[in-house]
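2 protein chains.
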Amino acid sequence: MTGTPQDPGAAGDGLAARSSLPEVVAADGLPARVRIHEVGPRDGLQNEQTVVPVEVKAEFVRRLAAAGLTTVEATSFVHPRWVPQLADAAELYPRLTADPELRGVDLPVLVPNDRGLDRALELGARHVAVFASATESFARANLNRTVAESLAMFEPVASRATAAGARVRGYVSMCFGDPWEGAVPVAQVVRVCRALRDMGCAEISLGDTIGVATPGQVERLLTALGAAGITPDHLAVHFHDTYGQALSNTLTALRHGVTTVDASAGGLGGCPYARSATGNLATEDLLWMLRGLGIETGVDLDRLAATSGWMATRLGRPSPSRTVRALSVPSHKEP
Amino acid sequence: MTGTPQDPGAAGDGLAARSSLPEVVAADGLPARVRIHEVGPRDGLQNEQTVVPVEVKAEFVRRLAAAGLTTVEATSFVHPRWVPQLADAAELYPRLTADPELRGVDLPVLVPNDRGLDRALELGARHVAVFASATESFARANLNRTVAESLAMFEPVASRATAAGARVRGYVSMCFGDPWEGAVPVAQVVRVCRALRDMGCAEISLGDTIGVATPGQVERLLTALGAAGITPDHLAVHFHDTYGQALSNTLTALRHGVTTVDASAGGLGGCPYARSATGNLATEDLLWMLRGLGIETGVDLDRLAATSGWMATRLGRPSPSRTVRALSVPSHKEP
Numbered sequence: 001m002t003g004t005p006q007d008p009g010a011a012g013d014g015l016a017a018r019s020s021l022p023e024v025v026a027a028d029g030l031p032a033r034v035r036i037h038e039v040g041p042r043d044g045l046q047n048e049q050t051v052v053p054v055e056v057k058a059e060f061v062r063r064l065a066a067a068g069l070t071t072v073e074a075t076s077f078v079h080p081r082w083v084p085q086l087a088d089a090a091e092l093y094p095r096l097t098a099d100p101e102l103r104g105v106d107l108p109v110l111v112p113n114d115r116g117l118d119r120a121l122e123l124g125a126r127h128v129a130v131f132a133s134a135t136e137s138f139a140r141a142n143l144n145r146t147v148a149e150s151l152a153m154f155e156p157v158a159s160r161a162t163a164a165g166a167r168v169r170g171y172v173s174m175c176f177g178d179p180w181e182g183a184v185p186v187a188q189v190v191r192v193c194r195a196l197r198d199m200g201c202a203e204i205s206l207g208d209t210i211g212v213a214t215p216g217q218v219e220r221l222l223t224a225l226g227a228a229g230i231t232p233d234h235l236a237v238h239f240h241d242t243y244g245q246a247l248s249n250t251l252t253a254l255r256h257g258v259t260t261v262d263a264s265a266g267g268l269g270g271c272p273y274a275r276s277a278t279g280n281l282a283t284e285d286l287l288w289m290l291r292g293l294g295i296e297t298g299v300d301l302d303r304l305a306a307t308s309g310w311m312a313t314r315l316g317r318p319s320p321s322r323t324v325r326a327l328s329v330p331s332h333k334e335p
Numbered sequence: 001m002t003g004t005p006q007d008p009g010a011a012g013d014g015l016a017a018r019s020s021l022p023e024v025v026a027a028d029g030l031p032a033r034v035r036i037h038e039v040g041p042r043d044g045l046q047n048e049q050t051v052v053p054v055e056v057k058a059e060f061v062r063r064l065a066a067a068g069l070t071t072v073e074a075t076s077f078v079h080p081r082w083v084p085q086l087a088d089a090a091e092l093y094p095r096l097t098a099d100p101e102l103r104g105v106d107l108p109v110l111v112p113n114d115r116g117l118d119r120a121l122e123l124g125a126r127h128v129a130v131f132a133s134a135t136e137s138f139a140r141a142n143l144n145r146t147v148a149e150s151l152a153m154f155e156p157v158a159s160r161a162t163a164a165g166a167r168v169r170g171y172v173s174m175c176f177g178d179p180w181e182g183a184v185p186v187a188q189v190v191r192v193c194r195a196l197r198d199m200g201c202a203e204i205s206l207g208d209t210i211g212v213a214t215p216g217q218v219e220r221l222l223t224a225l226g227a228a229g230i231t232p233d234h235l236a237v238h239f240h241d242t243y244g245q246a247l248s249n250t251l252t253a254l255r256h257g258v259t260t261v262d263a264s265a266g267g268l269g270g271c272p273y274a275r276s277a278t279g280n281l282a283t284e285d286l287l288w289m290l291r292g293l294g295i296e297t298g299v300d301l302d303r304l305a306a307t308s309g310w311m312a313t314r315l316g317r318p319s320p321s322r323t324v325r326a327l328s329v330p331s332h333k334e335p
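Going line by line, the protein sequences match chains L and U.
Oh and the first sequence: position 140 is 140 in this note's numbering, straight run, nothing missing.
Oh and the second sequence: position 191 is 191 in this note's numbering, straight run, nothing missing.
Since the hints were made in silico from the structure, they are not lab data.
Some hints could be false.
Pair ranges (Cβ atoms, derived) [what the hints assert, rightly or not]:
1. 220(U) with 97(L): 19 to 29 Å
2. 90(U) with 220(L): 33 to 43 Å
3. 202(L) with 84(U): 57 to 67 Å
4. 84(U) with 81(L): 34 to 44 Å
5. 226(L) with 32(U): 53 to 63 Å
6. 296(U) with 303(L): 27 to 37 Å
7. 84(U) with 53(L): 44 to 54 Å
8. 50(L) with 90(U): 48 to 58 Å
9. 50(U) with 66(L): 35 to 45 Å
To give an idea of the chain U side of the interface with chain L (calculated C-beta under 7 Å), a few residues [unchecked claim]:
10. 23
11. 90
12. 104
13. 105
14. 217
Just so we're clear, the structure is a prediction, and the values are computed from it rather than from any experiment.
Ideal placement from N, C-alpha and C gives every residue a C-beta, glycine not left out.
Using the sequences provided together with the hints, build the complete structure.
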């Protein structure tokens, strides 16, 4: 270590002190452990303009797992016309399942319909996700179906997956606001969650797809779901940081018993300067808070931030995660 | 309005729906009203590389007040060598106090010592702030003094200001972590806060200067201060968003009774890509949350975001505020 307190510009001190930050101080009413459902390779990369080669994707998943993430949503078996970035799913997925470094890592994939499920199961998927919408407008925009039609499409997918021994996750988009409809009635969200549970989804992920939610909404929805028998142990939260709200909404959900949080390494999932600024909560920003609160995740923040830095270089733009950017600075230098 | 729900790409719908977002849903245990202490013109601009002409600064303050902000920290009467960006304080401040549009707006200024106080009082300041540090390292770096020496310097400033009928605010930097020392003992922060209170500071602003705090720390400090007789009604919180933690820390402080929050329009106060990424909490990101929670501020979010957009153009870089960027998009277009 170089430098002294009288020599505050010395990098050594900053690094030494910083490695002890954030200070760990628990808060009442929060869980002891949180499971992070990492969505970077799927929800992150599907919106990127840059074409990412399949080798780089496989390496990304490997590095995420090496940082300690145990659930890494790997890709999507939708029609390539819908999501060209993930058109290599059938090439990528077998590489992952065959990789000894990824043994024991949960690698869920998105499946929109029977055909997608067949491909996923053939390639060894043990965890699949269907994606419903809480609003008619987004169901129409994303699936070209009504909400009821899309649930009818997912029903056989969920039951066949369950029969095949695969775990099923149900996503619900637009739980807290819709760009065309504005406010979304809670009863509508509860109805869709119930349908997903009844078709066998082991976990339901509540999506704030356009990032507009605030903490009162989170409390209200979790309370309504609890009253409908859908308790926090069957829920995950999936917040977007479009308006900078993702972390305080996540904190609110943790206070209400949720222990599974979706996040995207480096905040991948929409360029912050593009027209559609829909960045996911960055896994690193989440980890900084959880680490400070003494909540266990099993994930190494420095290693994860290094992985996101590596991926940002591949994508040719800085990471939108504030924590990734701050940790890439060799030392603090304050005014 | 153009478009229908079957025509989700139409900009008209997005704008119409969005203006009703965030949905207002209150949460238990939060205050009905929050006062925002806007620091953009001082804490924001002091770190900018671009030279901002005095006319633009005056116009910035005017627009902030027009958006509904009632407390706008205007400038700093420190030696120009320390903060060249604010070297025009003596030129700017009389313009503001003479401006009929700013009548009734509280315009605090920073004063480091007797000489700074004299200049501020001469120019009509009715609200001044001194700036202490919770750590020896930062007191040395920022003021070239020990903590005790700096408090001794502020004591006559505070008592003379109070005698002259001015309100005094005390800032405390590095309350939650220090780049050279790492964790900062709570007792040390309490000691400095007590000294500031005893010298007559009507309000003490708890600064997370390097943005490392997490909610357990916030709870712990507020509890310790309460035990020392320094209650939330005499406190403000000043969080930085370096690691994306500012808003969840602010939410935590509100739950513990704090009702004054420091924030910087557009998140001014450090370039997010610079070595020293120490951005303030963006006033707009704060306002989105408060609006959603139904907490009154008197500030018009759209008008404020437009002001920050205007300032970002003057500074030649996009606003670091996620809300400012999202609101500058004509309509949502979701994948």
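inquiry  = A closest beta-carbon separation below 7 Å is what the hint needs, so does residue 90(U) meet it against chain L?
reply    = violated, 21 Å
query = Honestly, do residue 84(U) and residue 53(L) meet the 44 to 54 Å range at C-beta?
reply = holds, 48 Å
query = Would the stated hint for residue 105(U) survive a check requiring a Cβ distance to chain L of less than 7 Å?
reply = violated, 26 Å
query = Should the hint that residue 217(U) touches chain L count as held when the rule is a Cβ pair under 7 Å?
reply = Because about 5 Å separates residue 217(U) from the closest Cβ in chain L, which is inside the 7 Å limit, the hint holds.
request  = Have a go at the residue 23(U) hint: is there a Cβ in chain L nearer than 7 Å to its own Cβ?
outcome  = holds, 4 Å
query = Should the hint that residue 202(L) and residue 84(U) are 57 to 67 Å apart at their CB atoms be regarded as holding?
reply = For residue 202(L) and residue 84(U) the Cβ distance comes to about 60 Å; the hint holds.
ask   = residue 90(U) and residue 220(L), beta-carbon distance inside 33 to 43 Å?
value = At roughly 52 Å between Cβ atoms, residue 220(L) and residue 90(U) fall outside 33 to 43 Å, so the hint is violated.
query = So does residue 50(L) sit 48 to 58 Å from residue 90(U), Cβ to Cβ?
reply = holds, 51 Å
ask   = Could one say that the CB atoms of residue 296(U) and residue 303(L) fall in the range 27 to 37 Å?
value = For residue 303(L) against residue 296(U), whose Cβ atoms are near 44 Å apart, the range 27 to 37 Å is violated.
message = Take the shortest C-beta to C-beta distance between residue 104(U) and chain L; is it under 7 Å?
response = violated, 30 Å
task = Kindly confirm whether 35 to 45 Å is satisfied by the beta carbon distance between residue 50(U) and residue 66(L).
result = holds, 42 Å
ask   = Is the gap between the beta carbons of residue 226(L) and residue 32(U) within 53 to 63 Å?
value = Given a distance of about 27 Å, which is not inside 53 to 63 Å, the answer is violated.
Of the numbered hints stated above, those contradicted by the structure are hints 1, 2, 4, 5, 6, 11, 12 and 13, listed in ascending order.
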